[in-house]
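Just so you know, we're using the numbering used here here: the sequence shown kicks off at -15 and counts up by one.
No lab work stands behind these hints, which were simulated from the structure alone. Errors might be hidden in some of the hints.
[What the hints assert, rightly or not] In silico EDC-like links for lysine to aspartate or glutamate, alpha-carbon gap of 16 Å or less:
{"no.": "1", "residue 1": "Lys22", "residue 2": "Asp50"}
{"no.": "2", "residue 1": "Lys30", "residue 2": "Glu184"}
{"no.": "3", "residue 1": "Lys67", "residue 2": "Asp50"}
{"no.": "4", "residue 1": "Lys74", "residue 2": "Asp37"}
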Amino acid sequence: MNQLPIKPAGLIFDMDGTLLDTEPLYTIASQKVLDPFKVKYTLALKKRCMGGDSKRSAQIVIDHYDLPIKAEQYLAEREVILKKLFVDTKEIAGAGHFIEALSKTKLPIGLATSSHQHLVDLKLSNKAWAKHFQTVVCGDDPDLKRGKPHPDIFLLCAKRLGLDPDSCIAFEDSPTGIKAARAAGMQVIAINSPYVDASELEDAALVINHYDELTELLKLWQS
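Using the sequences plus the hints, can you model the full thing?
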């Protein structure tokens, strides 16, 4: 367990599973791609895929079942399904209210997500609070060399915010994302998830079940 800075220089958020409740949708879409092969997208397999670069995650599934397809085909078929599911994406309870409250502080806010830009736009299209991110780094950003669990996406987001990554706090829900943020030198607030075991969140400085648990921290950040 690591100590959170009393007043961070800025906050950087993951999106899927952290701000938006999209993980069940990825499960549905992934299973539909796998149905013709008569195999199951298990919870154990999902845990291995969560939070990382999409191509890497697709390859994990393909290798696990030795499927006769390429990662590009897997992702293309899955995306057709996801585009329909993402039309009305639900937010993680309290996430939108928390971002709105943060926008009233002087803290810079960034988004660092492995999702590609066109899917990010779709997921956030009806979320009024999305306008509060000063910068958004997506998984297909041309300046991004490596995806999570490498630290690059958090380092790039901090750089575009003009911040020292060591003084930022990252919000994540997956072990892969936590590893990436910690490698970038950031402390992490983890959002508890039904897809992750508590032991996998041990590198986070703080683990919460709901954004309401951050009320006291928010008061400090507003001062």
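Outcome of the hint check:
Between Lys22 and Asp50 the alpha-carbon distance is near 12 Å, which keeps this suggested pair within the 16 Å criterion. Between Lys30 and Glu184 the CA atoms are separated by roughly 14 Å; this keeps the pair inside 16 Å, and the hint holds. Using a Cα cut-off of 16 Å, the hinted pair Lys67 and Asp50 is violated, with the two alpha carbons roughly 26 Å apart. This hinted pair does not check out: Lys74 and Asp37 have alpha carbons roughly 22 Å apart, beyond 16 Å.
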